[in-house]
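My request is simple: use the sequences and hints to build the entire structure.
There are 2 protein chains.
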Amino acid sequence: MSAKVVDAADVAAPFVAELKQKIAALKGPVPVLVGFLANDDKAARKYAEWTAKTCAATGVRFELRECQRTELEDKIIEANEDDNVHGIMVYYPVFNGSQDQYIQNTVSYKKDVEGLCHKYVYNMYHNIRFLDEAQTQKCIIPCTPLAILKILEYVGVYNPILPYGRRLHGRVITVINRSEHVGRPLAALLANDGAKVYSVDENGTMEFHRGEGLKFEKHVEVESATTLTEALPQSDVVITGVPARSYRVPTSQLKEGVIAINFSGSKNFEEEELKQKASIFVPSVGKVTVAMLERNLMRLHEYLEKDKEARSSNSGKETSA
Amino acid sequence: MSAKVVDAADVAAPFVAELKQKIAALKGPVPVLVGFLANDDKAARKYAEWTAKTCAATGVRFELRECQRTELEDKIIEANEDDNVHGIMVYYPVFNGSQDQYIQNTVSYKKDVEGLCHKYVYNMYHNIRFLDEAQTQKCIIPCTPLAILKILEYVGVYNPILPYGRRLHGRVITVINRSEHVGRPLAALLANDGAKVYSVDENGTMEFHRGEGLKFEKHVEVESATTLTEALPQSDVVITGVPARSYRVPTSQLKEGVIAINFSGSKNFEEEELKQKASIFVPSVGKVTVAMLERNLMRLHEYLEKDKEARSSNSGKETSA
Chain E
1 MSAKVVDAAD
11 VAAPFVAELK
21 QKIAALKGPV
31 PVLVGFLAND
41 DKAARKYAEW
51 TAKTCAATGV
61 RFELRECQRT
71 ELEDKIIEAN
81 EDDNVHGIMV
91 YYPVFNGSQD
101 QYIQNTVSYK
111 KDVEGLCHKY
121 VYNMYHNIRF
131 LDEAQTQKCI
141 IPCTPLAILK
151 ILEYVGVYNP
161 ILPYGRRLHG
171 RVITVINRSE
181 HVGRPLAALL
191 ANDGAKVYSV
201 DENGTMEFHR
211 GEGLKFEKHV
221 EVESATTLTE
231 ALPQSDVVIT
241 GVPARSYRVP
251 TSQLKEGVIA
261 INFSGSKNFE
271 EEELKQKASI
281 FVPSVGKVTV
291 AMLERNLMRL
301 HEYLEKDKEA
311 RSSNSGKETS
321 A
Chain B
1 MSAKVVDAAD
11 VAAPFVAELK
21 QKIAALKGPV
31 PVLVGFLAND
41 DKAARKYAEW
51 TAKTCAATGV
61 RFELRECQRT
71 ELEDKIIEAN
81 EDDNVHGIMV
91 YYPVFNGSQD
101 QYIQNTVSYK
111 KDVEGLCHKY
121 VYNMYHNIRF
131 LDEAQTQKCI
141 IPCTPLAILK
151 ILEYVGVYNP
161 ILPYGRRLHG
171 RVITVINRSE
181 HVGRPLAALL
191 ANDGAKVYSV
201 DENGTMEFHR
211 GEGLKFEKHV
221 EVESATTLTE
231 ALPQSDVVIT
241 GVPARSYRVP
251 TSQLKEGVIA
261 INFSGSKNFE
271 EEELKQKASI
281 FVPSVGKVTV
291 AMLERNLMRL
301 HEYLEKDKEA
311 RSSNSGKETS
321 A
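Listed in order, the protein sequences are those of chains E and B. Numbering follows the working numbering, with no gaps: position 221 of the first sequence is 221. Numbering follows the working numbering, with no gaps: position 39 of the second sequence is 39.
Hints are computed from structural coordinates only; laboratory data are not their basis. Where hints are given, some of them may not hold.
If chains are identical, the list can't say which one is meant, so a pair holds when it fits in one copy or spans any two.
[What the hints assert, rightly or not] The list that follows gives simulated cross-link-like pairs (lysine-lysine, DSS-like), each with its CA atoms no further than 25 angstroms apart:
(1) Lys27 to Lys53
(2) Lys218 to Lys255
(3) Lys138 to Lys20
(4) Lys75 to Lys27
This is how it looks when you write it as C-alpha cells:
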C-alpha cells in the first residue's frame, strides 16, 4: 500500500473555477493585483510566475513590479494610495527578518491580500472574524495557513459531522515551523477549530488548543515539554515547513497512516519511505496558496469598489448641493 | 592623552532633574509605568531594576509585572484598557524575533513609551513628527536611539551654530547594528539631522543620508559597497551595539580622536587601547535610555489625562442634557 499523493492543483481547481466565474460576471473594474519583487531569490521569482499564471487563468490583472529593495517602501505607499490597485503582495525575503516585518506593516490593510499586517494577524490570533461591528467585512487570513486548512478539508481531516468551529476535535497535529508568517498562525487556526497542536521549532515546543473563553473562544498557547520525537508518533497529521535543504522528518517516528503535508520550498520528507507509511501525502501547497491569494483579493476588491462608489456618490451630492 | 570617558549618568542628570520637577508640580495623578518581565534574561532584569530606581528618583509610579511569556499578550491588552496606566514597556527578548515584533505591536500606541509599535516607527522613518494634523501631539521616538542622540548633543557632535535639522551636516557616523529596534532607526534619525551614516551589520552596509524631498525631507537609504574596514577610518563617530561577547571593533581602523559609543550589553571596544586613540568614549547608554523612557511617559501621560478629562466633561454634558 502506497500513500495517496495529492496534487495541490486538484485542491485549487474548484477555487480557481469559482474565481473565474465570479470575475467573468463582474460589471465594474477587474481586480488588479500588484506584486513587488525586490530580490534575486529564485523561489520568489517562481512564486511570482505562478501568481501571474493563475491570475491569467482566472481573469485577475496581475502586475509584477520589480524594484530595488531600497525603493520598495515608497513603491508600496504609492500602490496603497492608487485607487486602481486592489491588492498588494511582496515576494519575501527582502531584507532581514525584522525589516521585512516592518515592510509587511507598510502595506495598507485595505490591500493586504497576504493578510500579514498586524491588524489581520492580531484579529486572527484573537479569533475576530470581521473588520467591522456590523460584520459586513470579513478579515483576511494569511494565504499559506488558509491554503493548508483548505487542503485539510480536501483530504478529510475536517469532520463535517461535527459543528462548525469544532471540526478538528480529536485530531492531533504537529506543525514543524513556528514563524509568524505561517507556522504560528496555522497552529492557532487549527486550535481554533478544535485540534490539539504541537508547534515545534528549534527553540522547542508550544502546545495550542481550543480556548474556553466566552468572548472570542480564542486558542490557548502553552509551553510544552513534548519533544518532536514524542509528538510525531501521536500525530494524525504532520505539517512541515523547514526552510533547510538538509532537513528531513524522521519517517520511523511517524504514525502508520499519517497525513503528511510539506509547505517548505525544500523536501522535508524522505518521500519514497514516507509513501510506504503515510495514508496521504501532499508534497506542496503553493497552487492552493495562490488561489487563496486571489480569493482574498476578491474580498478586498469588493470592499474597495463599494468604498469608491460611496465616495463618488457622496461627492456627487456635494456638487449638486 | 587619554579619552574623556563620559558617564551616561551625567548625560541623564539634567533630564532626571527636569522630570522630578515636572512630576512634583503635577496636580492630577502621577504617571504610572507598567513594565512586563516575561523571561529569565539577566540583562532584562537589570534593566527592570534600573527602571524602578530611576522611577523612584523622579516620582513615577513603576509597577513591574512578572508573568509567563504565554500570558504576556493578554496582560498587555489588560494594561492597554486600564485608564490608570500611562505607559507600558516590555523587557525583551521574550520569544523569537518575529513573535516579539508581533508583541510590540500589541502595545497600544497611546501607551507605547518605547516607541516600538509600527505607527511610531513608520512616522519616525518618514520624519512625521506629530500624531495629529493640528500638531498638538508629538510622536514617540524609540528610547535607545533617542538616548544616543542626546548623548551626541552632550558630547558636542551636534553643532548648534547650524540650523535645526542640519546640525550633523558634515559628520560621518558609523553605526554597527541595523536592528529595527535600535540600529536602523538611529541611522535614519542621524541622517534626518544631516549626517552621512554607514549602517553596518553582518549582511553588509547601507548608507543613510538626508533626503531632498520637499514634503517630509525624510532620510534616504541606499545600498553601499563600503566595508566596515573602509567606513571606520572615515568616521568621526562610531556607535556600536553588537550583542556578542566576543565582538570587538578593531581599534587600529578607527580615526584618531574618534568619538566612540557602545550601546551593546557587552563591551564592543578594546577599552584600554581605545582610550589611547579616541577623544571621547561613552561605554554605556542605559541610564539615558531610562530617562528618555520617562520623558516619553510624561508625554503619553499628558495626552491620556487630557483625553480622560475630555471624556469625563463630555459624559457630564450628556448627564446634564
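We went through each hint and held it up to the structure:
1. Lys27 to Lys53: Within one copy only: 23 angstroms inside, 65 angstroms across.
2. Lys218 to Lys255: neither (29 angstroms within a copy, 57 angstroms between copies)
3. Lys138 to Lys20: Within one copy only: 21 angstroms inside, 49 angstroms across.
4. Lys75 to Lys27: So Lys75 and Lys27 fail the 25 angstroms test inside a copy (29 angstroms) and across (48 angstroms) alike.
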